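K.L.:
For reference, the chains in residue letters:
There are 2 protein chains.
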Amino acid sequence: MSKYSSYIAGNKERMLDELLELLRIPSVSADSDYSEDVHKAAGVVAEHLRKAGADNVEVASTPGFPVVYGEKIVDPKLPTVLVYGHYDVQPADPIELWTSPPFEPIIKKTDLHPEGAIFARGACDDKGQFFMHVKAFETMMQNGGVPCNVKFMIEGEEEVGSANLGWFVERNREKLSCDVILISDTGMIGPDQPSITTGLRGLSYVEVKVTGPNRDLHSGLYGGAVANPINILTQMIASLHDEHNRITVEGFYDKVLPVSDEEREGMARAPFSLEEYKKALDLSDVWGEEGYSTIERASIRPTLDVNGIWGGYIGKGAKTVIASYAEAKISMRLVPDQDPAEITQLFKTHFEKIAPSSVKVQVTPHHGGEPYVTGIDHPGYRAAASAMSQTFGKEALPMRSGGSIPILSLFERELGAKSILMGFGLDSDAIHSPNEHYGVKNYFMGIETIPLWFEAYTEEMK
Amino acid sequence: MSKYSSYIAGNKERMLDELLELLRIPSVSADSDYSEDVHKAAGVVAEHLRKAGADNVEVASTPGFPVVYGEKIVDPKLPTVLVYGHYDVQPADPIELWTSPPFEPIIKKTDLHPEGAIFARGACDDKGQFFMHVKAFETMMQNGGVPCNVKFMIEGEEEVGSANLGWFVERNREKLSCDVILISDTGMIGPDQPSITTGLRGLSYVEVKVTGPNRDLHSGLYGGAVANPINILTQMIASLHDEHNRITVEGFYDKVLPVSDEEREGMARAPFSLEEYKKALDLSDVWGEEGYSTIERASIRPTLDVNGIWGGYIGKGAKTVIASYAEAKISMRLVPDQDPAEITQLFKTHFEKIAPSSVKVQVTPHHGGEPYVTGIDHPGYRAAASAMSQTFGKEALPMRSGGSIPILSLFERELGAKSILMGFGLDSDAIHSPNEHYGVKNYFMGIETIPLWFEAYTEEMK
Numbered sequence: 001m002s003k004y005s006s007y008i009a010g011n012k013e014r015m016l017d018e019l020l021e022l023l024r025i026p027s028v029s030a031d032s033d034y035s036e037d038v039h040k041a042a043g044v045v046a047e048h049l050r051k052a053g054a055d056n057v058e059v060a061s062t063p064g065f066p067v068v069y070g071e072k073i074v075d076p077k078l079p080t081v082l083v084y085g086h087y088d089v090q091p092a093d094p095i096e097l098w099t100s101p102p103f104e105p106i107i108k109k110t111d112l113h114p115e116g117a118i119f120a121r122g123a124c125d126d127k128g129q130f131f132m133h134v135k136a137f138e139t140m141m142q143n144g145g146v147p148c149n150v151k152f153m154i155e156g157e158e159e160v161g162s163a164n165l166g167w168f169v170e171r172n173r174e175k176l177s178c179d180v181i182l183i184s185d186t187g188m189i190g191p192d193q194p195s196i197t198t199g200l201r202g203l204s205y206v207e208v209k210v211t212g213p214n215r216d217l218h219s220g221l222y223g224g225a226v227a228n229p230i231n232i233l234t235q236m237i238a239s240l241h242d243e244h245n246r247i248t249v250e251g252f253y254d255k256v257l258p259v260s261d262e263e264r265e266g267m268a269r270a271p272f273s274l275e276e277y278k279k280a281l282d283l284s285d286v287w288g289e290e291g292y293s294t295i296e297r298a299s300i301r302p303t304l305d306v307n308g309i310w311g312g313y314i315g316k317g318a319k320t321v322i323a324s325y326a327e328a329k330i331s332m333r334l335v336p337d338q339d340p341a342e343i344t345q346l347f348k349t350h351f352e353k354i355a356p357s358s359v360k361v362q363v364t365p366h367h368g369g370e371p372y373v374t375g376i377d378h379p380g381y382r383a384a385a386s387a388m389s390q391t392f393g394k395e396a397l398p399m400r401s402g403g404s405i406p407i408l409s410l411f412e413r414e415l416g417a418k419s420i421l422m423g424f425g426l427d428s429d430a431i432h433s434p435n436e437h438y439g440v441k442n443y444f445m446g447i448e449t450i451p452l453w454f455e456a457y458t459e460e461m462k
Numbered sequence: 001m002s003k004y005s006s007y008i009a010g011n012k013e014r015m016l017d018e019l020l021e022l023l024r025i026p027s028v029s030a031d032s033d034y035s036e037d038v039h040k041a042a043g044v045v046a047e048h049l050r051k052a053g054a055d056n057v058e059v060a061s062t063p064g065f066p067v068v069y070g071e072k073i074v075d076p077k078l079p080t081v082l083v084y085g086h087y088d089v090q091p092a093d094p095i096e097l098w099t100s101p102p103f104e105p106i107i108k109k110t111d112l113h114p115e116g117a118i119f120a121r122g123a124c125d126d127k128g129q130f131f132m133h134v135k136a137f138e139t140m141m142q143n144g145g146v147p148c149n150v151k152f153m154i155e156g157e158e159e160v161g162s163a164n165l166g167w168f169v170e171r172n173r174e175k176l177s178c179d180v181i182l183i184s185d186t187g188m189i190g191p192d193q194p195s196i197t198t199g200l201r202g203l204s205y206v207e208v209k210v211t212g213p214n215r216d217l218h219s220g221l222y223g224g225a226v227a228n229p230i231n232i233l234t235q236m237i238a239s240l241h242d243e244h245n246r247i248t249v250e251g252f253y254d255k256v257l258p259v260s261d262e263e264r265e266g267m268a269r270a271p272f273s274l275e276e277y278k279k280a281l282d283l284s285d286v287w288g289e290e291g292y293s294t295i296e297r298a299s300i301r302p303t304l305d306v307n308g309i310w311g312g313y314i315g316k317g318a319k320t321v322i323a324s325y326a327e328a329k330i331s332m333r334l335v336p337d338q339d340p341a342e343i344t345q346l347f348k349t350h351f352e353k354i355a356p357s358s359v360k361v362q363v364t365p366h367h368g369g370e371p372y373v374t375g376i377d378h379p380g381y382r383a384a385a386s387a388m389s390q391t392f393g394k395e396a397l398p399m400r401s402g403g404s405i406p407i408l409s410l411f412e413r414e415l416g417a418k419s420i421l422m423g424f425g426l427d428s429d430a431i432h433s434p435n436e437h438y439g440v441k442n443y444f445m446g447i448e449t450i451p452l453w454f455e456a457y458t459e460e461m462k
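Protein sequence lines correspond, in order, to chains V and D. As numbered in UniProt numbering, residues 1 to 462 make up the first sequence, in order. As numbered in UniProt numbering, residues 1 to 462 make up the second sequence, in order.
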C-alpha cells in the first residue's frame, strides 16, 4: 500500500477500459493496410497524455509513423526521466490460431493469471506496458504531482525496427535531454518474482548461399562426382560449433566481457526449474555451451543459430535431384562488447575461408543490433529494485534477457543516458504469437510501482 | 552398309513421319488428364507392330495402363529375344521453358546433331528409341525375316515407376519367356562413340525429420540454451561423409562388389575431358570419393546426396526464430550387391544412433531400387559390341550409368533373363527436361544396328 493505492483502486475500472479501448485499434506498423489505424492510435495516446496532465503534447511526424511526445517539467534542477514505449503492434497472423479476435480484447483467467489476463495483440507488447506509465503519471499528477521532470516518447515503428526513431532523436536532442530512460517493454522472471533486465543481447544476421553446378542435376548421373551444395552447406554450418558447442568463427569471443560473479550469483538465485523448462518445451535434454547454466546460455553468452534453411526439392514424394544451390539464414546473438558490424565481417571472412573449392559462397548481411547492459549500481536500477520490492514484497533480482532492443545504444549515444528496463510481462504472455495476453494484476502492479520508482529515483539523485 | 541399308534408306521419310506422328500423342502417364492419350498411344503402337509383321498383337490391360505385346516365333529351337520399351512420357512442364510445343515435334539442327534432332517430349525417352526396334523389326521382316524369335513388351507406366509391370510379368511368365531382354532406353558416351551400358545403380531414398522444442521459439530468448533442430540436422548430415568423402553409415560398403580391372580400364578409355565437364557445369573443382575417377564416382561407386532440405523461416528478410523441426530428403545410389531395403535399414539405425538426446529423430523410407549389372562376357553384350562397331565403325565401349531402372531386377527374377542396354541417346538430349530431343542420325543408326544385333546374337547362341 502506497499513498497512490487508493486512487488507483478508485479508478481501476476506467484505467482498464481505457487500455481495452486502445487495444481495439489495430495499429499494425508492418502492414500498410493498417496505417490509418497506426495514426489513429498515435492521436489517442496524445489525448491520454494531455488528459493525464502532460504539457506540450504533440504527434510529431517523421518520415514514417509519428512519435507521440509530452512532458511535465516541474523544476529544471530536478532530474529528468524520459519514458519510452511504442503504440504499434506486431501483425496478428496466424490469425486462425487465436482463440478470440486479436483486436477485440477480452479478459480470461489462466493458470498464471488467476485474476484474469487481457487477451489482445499488443496487450503486453507494448500498449499494456507503456500505458501503465501514462496511468502512473496521471496518478502522480492527481496525488501531489511528479517528484521530478518527466518526458514521454512513444513511437509507432518499434515492431518494424524503429526505422525512423534515430532520425527523430538526432533532430530533438535538446527536447529529449534526460538523466535516464525508463522503459517497460520486457518481462519478469515469474509472476511473483520481480526482476529488472540489466542486459540485452545484440544481433548479427546474415544470409548465406552456397552454389555448386550451374543447374539442377540428375542425382543418378552426377551423384558422387560433383559437390552437392546442400551437403556442403550442412558441413560448413556444422563446423561453426566445436565439440563444446563453442562458436568456431575466428575472433568471435575476443571482445566478450566477463560478467561479474555478483551478477552471476544474482542470476543463479532466480527461481528456475530445469525440469519444468524441459517439460514446457517437450525436450528430453537441453543443449548449449559447456560451462554455463541454461539461464546464462540464454542471456549472457553469445550464440549462433540457423533461423532458416532451404534447398533442392521440398515437395511431396521423392525427386532425385542435386540442387544447384542451397541457402540459409544465420543469426548470432551478441553480448557486450561484441560489435555487430565487426562480428558480421568476422563471420563473412570465416565462412568464405572454410568453403571448399568445389562451390561458390555468398554472404549477405541483414540488419544488426548492439548488445546493451546497465549496471546494477546505476541509480535507476537501485530505484527499480526498491520500488518493485515494495509492491511485490520480495527482493527484485537482476536479469539478462537474450533478446535485443537495438535502439537503446542509439539513446545512449545520442542522449548520453542509460535505459532502465523495468518490465512487468511474463515469458508466457505470448508476445509476437497468437493469443498474446497481459495479466490484469501485472498491469496494476505496474501502475503502483512506477510512481514509487520516480520517488526512489529522485531520492537517489539528490 | 549392311543388307538392310537400302531398305532403310528407301523408307526413311515414312519411318521418320511415323515417329513424329507417335510423338504428337501426349501420353503423359503421371497426369490423369492425359489417360485417354496414353491409351491411344498404346493402340497406335499395337497397330505399328501388326503392320510390321508381328503376330498375336494385343493391348493387354493391367490395373493401370496397358502393356502392348506382340511376337514373331520363327522356330522354337532358336533363341528368343524380348524387346522392352515404354510408350508413356514424362510431363512436359515447365512448359514455358520449351522453345517449341512439346507435342508438336519439329526437326532442328544442333551442334551435336548437325543432321538435325527431333524436338518433342519422348523423342529420346523412350518413343524414339523403342520405335527403332519396331522399324528394325519391319526391316528384317521385309528382308528375309528375323534370324530368331522376337517378342515385344512395350509398357505405359515406366515414367511412374512401372507400377503394374511386375503384376503383368508375374502373370505372363510363359508368354514372356526369353533368353535375353533387349532395351534401348539409355545413352551413348558420345555422338561417334558407341557404348553399351553394363550396369545401373540402385536407389535407397529416405526422408528424415529432426524435432527439437514443441513449438517455434524466439531465438533471442532461447538461443544458445536449446538444441536448434536445423543446426543439429546439419551436424548429423555432415557426419554422413568422412574426410575422404566416404559414407560413414555402418556397414554401407560391406556388400559392394569390386569392379574388374578390365572393365575399369574400358571405362578409362572412354573419351572424357574433366575440363569440359567442369566448364559445362561452371565448376571450379569436382568432388567425390578418394581413389576414384569422376566417371567411376558417378557410376560404379555408391553415393549419398541430400536432394532437399527445409526448416525455419525461408521467406524474405530476417526472422529470429528457432524452428521446432527441420527435414531433409536423402537418397543413396547403390551398386552391386547392395540391397536397397538393407541399406535403408542401415541408414535408419545409424541416423537414429547419431542423434543427440536433445532432439527426436524420424526416418521415413521412400521407394527403392536394386542395382543392376550385365557382364561384358554375356553373349548379348558381345552381340551389341559387334553390331555397334559395324555401324559406327568404331569399337563400342562398356559403360556404367549412375541412374536406375529398378524393373531390370524383376525381369531377371521372374524371367531368368539378363537385359542388354543398347541405347542410342546422348546425355545432352535433355530427357525429363524442357526441349528433349533425339538425333535423326541416332534414330536411323539404331534402326541399322538392331538387325545386326539380332544376327550377331543368333550366331553367339549357336
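Hints may contain errors.
One copy or any two copies: either way a pair holds, since identical chains are not told apart in the list.
Derived DSS-like pairs: lysine-lysine, alpha-carbon spacing no greater than 30 Å straight-line [to be verified]: (1) Lys441 <-> Lys278; (2) Lys109 <-> Lys175; (3) Lys209 <-> Lys360; (4) Lys394 <-> Lys255; (5) Lys209 <-> Lys12; (6) Lys109 <-> Lys418; (7) Lys279 <-> Lys209; (8) Lys316 <-> Lys360; (9) Lys319 <-> Lys360; (10) Lys441 <-> Lys279; (11) Lys316 <-> Lys209; (12) Lys109 <-> Lys348; (13) Lys108 <-> Lys12; (14) Lys3 <-> Lys348; (15) Lys418 <-> Lys316; (16) Lys319 <-> Lys209; (17) Lys279 <-> Lys462; (18) Lys319 <-> Lys418; (19) Lys319 <-> Lys279; (20) Lys316 <-> Lys3; (21) Lys418 <-> Lys3; (22) Lys278 <-> Lys209; (23) Lys353 <-> Lys441; (24) Lys255 <-> Lys51; (25) Lys108 <-> Lys394; (26) Lys108 <-> Lys360.
Derived by calculation from the structure, the hints in this document are not laboratory data. Please read these numbers as outputs of a predicted model, since none were measured by experiment.
K.L.:
So, for every hint listed, does it hold in this structure?
P.N.:
Against the structure, the hints come out as follows:
1. Lys441 <-> Lys278: within (27 Å within a copy, 68 Å between copies)
2. Lys109 <-> Lys175: neither (42 Å within a copy, 76 Å between copies)
3. Lys209 <-> Lys360: Both ways: Lys209 and Lys360 sit 8 Å apart in one copy and 28 Å across, limit 30 Å.
4. Lys394 <-> Lys255: Neither, since 36 Å and 69 Å both go past 30 Å.
5. Lys209 <-> Lys12: So Lys209 and Lys12 fail the 30 Å test inside a copy (55 Å) and across (51 Å) alike.
6. Lys109 <-> Lys418: Classified as neither: same-chain Cα gap 37 Å, cross-chain 74 Å, threshold 30 Å.
7. Lys279 <-> Lys209: between (36 Å within a copy, 21 Å between copies)
8. Lys316 <-> Lys360: both (29 Å within a copy, 22 Å between copies)
9. Lys319 <-> Lys360: Intra 24 Å, inter 25 Å, cutoff 30 Å: intra and inter.
10. Lys441 <-> Lys279: Within one copy, since 26 Å is at most 30 Å while 69 Å is not.
11. Lys316 <-> Lys209: Close inside one copy (24 Å) and across copies (14 Å); limit 30 Å.
12. Lys109 <-> Lys348: neither (49 Å within a copy, 46 Å between copies)
13. Lys108 <-> Lys12: For Lys108 and Lys12, only the intra-copy Cα distance (17 Å) is at most 30 Å; the inter-copy one is 84 Å.
14. Lys3 <-> Lys348: neither (57 Å within a copy, 68 Å between copies)
15. Lys418 <-> Lys316: Answer is neither: 53 Å inside a copy and 34 Å across each miss the 30 Å cutoff.
16. Lys319 <-> Lys209: The answer is both: 22 Å in one copy and 17 Å across copies each meet 30 Å.
17. Lys279 <-> Lys462: Classified as neither: same-chain Cα gap 48 Å, cross-chain 76 Å, threshold 30 Å.
18. Lys319 <-> Lys418: This pair counts as between: shortest inter-copy Cα distance 28 Å, intra-copy 56 Å.
19. Lys319 <-> Lys279: between (37 Å within a copy, 25 Å between copies)
20. Lys316 <-> Lys3: This pair counts as neither: shortest intra-copy Cα distance 66 Å, inter-copy 52 Å.
21. Lys418 <-> Lys3: Close inside one copy (28 Å), not across copies (97 Å); limit 30 Å.
22. Lys278 <-> Lys209: between (34 Å within a copy, 20 Å between copies)
23. Lys353 <-> Lys441: Neither, since 54 Å and 49 Å both go past 30 Å.
24. Lys255 <-> Lys51: Neither: 48 Å inside a copy, 84 Å across copies.
25. Lys108 <-> Lys394: within (27 Å within a copy, 85 Å between copies)
26. Lys108 <-> Lys360: Neither. Shortest intra-copy (54 Å) and inter-copy (35 Å) distances fail the 30 Å Cα cut-off.
The structure fails hints 2, 4, 5, 6, 12, 14, 15, 17, 20, 23, 24 and 26 (numbered hints given earlier, in ascending order).
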